[in-house]
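A.B. asks: In the order they appear, the protein sequences are chains A and B. Just so it is clear: in the first sequence, position 83 is 82 by numbering that gives the first Met the number 0, and no numbers are missing. Just so it is clear: in the second sequence, position 67 is 66 by numbering that gives the first Met the number 0, and no numbers are missing.
These aren't lab readings, by the way, just hints derived from the structure by calculation. All of these numbers come straight from a predicted model, not from anything done at the bench. Take these hints with a grain of salt, some might be off.
Claimed, not checked - Mimicking SDA-like on lysine to any residue, the simulated pairs with C-alpha atoms at most 20 Å apart in a straight line are:
| no. | chain 1 | residue 1 | chain 2 | residue 2 |
| --- | --- | --- | --- | --- |
| 1 | A | Lys-54 | B | Glu-16 |
| 2 | A | Lys-54 | A | Gly-20 |
| 3 | B | Lys-54 | A | His-15 |
| 4 | A | Lys-54 | B | Lys-74 |
| 5 | B | Lys-54 | B | Leu-21 |
| 6 | B | Lys-74 | B | Lys-54 |
| 7 | A | Lys-54 | B | Leu-21 |
| 8 | A | Lys-60 | A | Asp-84 |
| 9 | B | Lys-54 | A | Gly-20 |
| 10 | A | Lys-54 | B | Met-19 |
| 11 | A | Lys-60 | B | Leu-21 |
| 12 | B | Lys-60 | A | Gly-20 |
| 13 | A | Lys-60 | B | Leu-42 |
| 14 | B | Lys-74 | B | Arg-91 |
| 15 | A | Lys-54 | B | His-15 |
| 16 | B | Lys-54 | B | His-73 |
| 17 | A | Lys-60 | B | Gly-24 |
| 18 | B | Lys-60 | B | Ala-97 |
| 19 | B | Lys-60 | B | Pro-80 |
| 20 | A | Lys-54 | B | Leu-42 |
| 21 | A | Lys-60 | B | Val-49 |
| 22 | B | Lys-60 | A | Gln-33 |
| 23 | B | Lys-60 | A | Gly-24 |
| 24 | B | Lys-54 | A | Asp-84 |
| 25 | B | Lys-54 | A | Gln-33 |
| 26 | A | Lys-60 | B | Thr-39 |
| 27 | B | Lys-74 | B | Gln-114 |
| 28 | B | Lys-60 | B | Val-94 |
| 29 | B | Lys-54 | A | Lys-60 |
| 30 | B | Lys-60 | B | Glu-77 |
| 31 | A | Lys-54 | B | Val-22 |
| 32 | B | Lys-54 | A | Val-94 |
| 33 | B | Lys-60 | A | Lys-60 |
| 34 | A | Lys-54 | B | Gly-20 |
| 35 | B | Lys-54 | B | Arg-32 |
| 36 | B | Lys-54 | A | Met-19 |
| 37 | B | Lys-74 | B | Gln-102 |
| 38 | A | Lys-60 | B | Asp-68 |
| 39 | A | Lys-54 | B | Val-17 |
| 40 | B | Lys-60 | A | His-23 |
2 protein chains.
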Amino acid sequence: MTQLDLTPGQALKLWHEVAMGLVHGENRDLNLRQLAILLTIYLETPPHTVRGLAKQLNVTKPVITRALDSMGQHKLVERRPDERDRRSIVIRRTVEGALYLEQLADLIVNKAHEQNRHV
Amino acid sequence: MTQLDLTPGQALKLWHEVAMGLVHGENRDLNLRQLAILLTIYLETPPHTVRGLAKQLNVTKPVITRALDSMGQHKLVERRPDERDRRSIVIRRTVEGALYLEQLADLIVNKAHEQNRHV
DNA sequence: CTCGCACGATACGGTAGCGAAACAAATTCG
DNA sequence: CGAATTTGTTTCGCTACCGTATCGTGCGAG
């Protein structure tokens, strides 16, 4: 398995490069909180609900609702009713969301590789 | 020199962990854009001016002015007049800003090391 | 000396996000 | 059944940012 060893300097530089890449791109949506929500949905084991996400991220429920609204408009996630308990909804992944995170991963990986050349 | 090799999965997981750390912890209201500005000031070679930062980040000048306002309130950066050209100002680093980024670097490094254990 | 230009700051109108509180609907429990 | 609880949403008042346009000041060419 690839070991992940970073010096503090490398860490900041990597974060800088990626942040610059996101800012440069048309990433005008998706705030840091919303990105954290999106990543939780895609990386943690389902099912995901509003209250569950609110608890994991230590934010209030309306924050999740609003994040789902905006991310739903971009089709990055999908809301489905929970058949077992109709008070709840289940947040599901979408093809578009997976693609979006794939691009983010590529950005990070590429910036990390760039550092190897420059150092 | 430490090589920096990341799989896409590792990249997303790392970004997720760090984003969660920032969201969960006391986020200093620093926007992704503002963080990019702060990192540019600390990682790129000085001197830094409003117009220069605006160009590097591909944003308008008021964005820089406002970011300097809020970061200045937190003492993360400092404005100084440019003696050679009094129309310009020079943005300088502060002890508090360096400390803040040091903590950010630690967060990233720690999350990266945690991944080695879990994988 | 004057006029145009460059620099950073500000005004303005608009959008989006926030927390607290109130809300409707579904479930649970007495 | 009916009351209390849970779940997600909405409302309300507020703050933070944004981009465009404009301003005040300092510089510099003519």
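A.B. asks: Are the hints correct? Go through all of them and say.
C.D. replies: Here is what the structure says about each hint:
1. A:Lys-54 x B:Glu-16: holds (16 Å)
2. A:Lys-54 x A:Gly-20: It is violated: about 30 Å lies between the C-alpha atoms, which goes past 20 Å.
3. B:Lys-54 x A:His-15: Within the cut-off at roughly 16 Å; holds.
4. A:Lys-54 x B:Lys-74: violated (32 Å)
5. B:Lys-54 x B:Leu-21: Not OK: Lys-54 of chain B and Leu-21 of chain B at ~27 Å, beyond 20 Å, violated.
6. B:Lys-74 x B:Lys-54: Judged against 20 Å, a Cα distance of about 23 Å means the pair is violated.
7. A:Lys-54 x B:Leu-21: Holds - the C-alpha atoms of Leu-21 of chain B and Lys-54 of chain A are around 15 Å apart, at most 20 Å.
8. A:Lys-60 x A:Asp-84: holds (18 Å)
9. B:Lys-54 x A:Gly-20: Since the Cα atoms of Lys-54 of chain B and Gly-20 of chain A sit roughly 14 Å apart, the hinted pair holds (cutoff 20 Å).
10. A:Lys-54 x B:Met-19: holds (12 Å)
11. A:Lys-60 x B:Leu-21: holds (19 Å)
12. B:Lys-60 x A:Gly-20: holds (19 Å)
13. A:Lys-60 x B:Leu-42: Since the Cα atoms of Lys-60 of chain A and Leu-42 of chain B sit roughly 37 Å apart, the hinted pair is violated (cutoff 20 Å).
14. B:Lys-74 x B:Arg-91: holds (10 Å)
15. A:Lys-54 x B:His-15: Satisfied, since the Cα-Cα distance of roughly 16 Å is no more than 20 Å.
16. B:Lys-54 x B:His-73: violated (24 Å)
17. A:Lys-60 x B:Gly-24: Distance ~18 Å between Lys-60 of chain A and Gly-24 of chain B Cα, so the pair holds.
18. B:Lys-60 x B:Ala-97: Status violated; Cα separation ~24 Å.
19. B:Lys-60 x B:Pro-80: Between Lys-60 of chain B and Pro-80 of chain B the Cα gap is close to 17 Å, so the pair holds against 20 Å.
20. A:Lys-54 x B:Leu-42: Between Lys-54 of chain A and Leu-42 of chain B the Cα gap is close to 35 Å, so the pair fails against 20 Å, i.e. violated.
21. A:Lys-60 x B:Val-49: violated (38 Å)
22. B:Lys-60 x A:Gln-33: Given that 20 Å is the threshold and the Cα spacing comes to 26 Å, the pair is violated.
23. B:Lys-60 x A:Gly-24: holds (18 Å)
24. B:Lys-54 x A:Asp-84: It is violated: about 53 Å lies between the C-alpha atoms, which goes past 20 Å.
25. B:Lys-54 x A:Gln-33: violated (27 Å)
26. A:Lys-60 x B:Thr-39: The hint is violated at about 35 Å.
27. B:Lys-74 x B:Gln-114: Between Lys-74 of chain B and Gln-114 of chain B the Cα gap is close to 33 Å, so the pair fails against 20 Å, i.e. violated.
28. B:Lys-60 x B:Val-94: This hinted pair is violated, its Cα atoms lying about 25 Å apart.
29. B:Lys-54 x A:Lys-60: Cα-Cα ~38 Å, so violated.
30. B:Lys-60 x B:Glu-77: The given pair, whose Cα atoms are some 17 Å apart, holds under the 20 Å limit.
31. A:Lys-54 x B:Val-22: Holds. Lys-54 of chain A to Val-22 of chain B sits at ~12 Å (cutoff 20 Å).
32. B:Lys-54 x A:Val-94: Violated - the C-alpha atoms of Val-94 of chain A and Lys-54 of chain B are around 35 Å apart, more than 20 Å.
33. B:Lys-60 x A:Lys-60: violated (36 Å)
34. A:Lys-54 x B:Gly-20: holds (14 Å)
35. B:Lys-54 x B:Arg-32: Holds, because 13 Å separates the two Cα atoms, which is no more than 20 Å.
36. B:Lys-54 x A:Met-19: Holds, at roughly 12 Å.
37. B:Lys-74 x B:Gln-102: Holds. Lys-74 of chain B to Gln-102 of chain B sits at ~15 Å (cutoff 20 Å).
38. A:Lys-60 x B:Asp-68: violated (31 Å)
39. A:Lys-54 x B:Val-17: holds (17 Å)
40. B:Lys-60 x A:His-23: Status holds; Cα separation ~15 Å.
The structure fails hints 2, 4, 5, 6, 13, 16, 18, 20, 21, 22, 24, 25, 26, 27, 28, 29, 32, 33, 38 (numbered hints given earlier, in ascending order).
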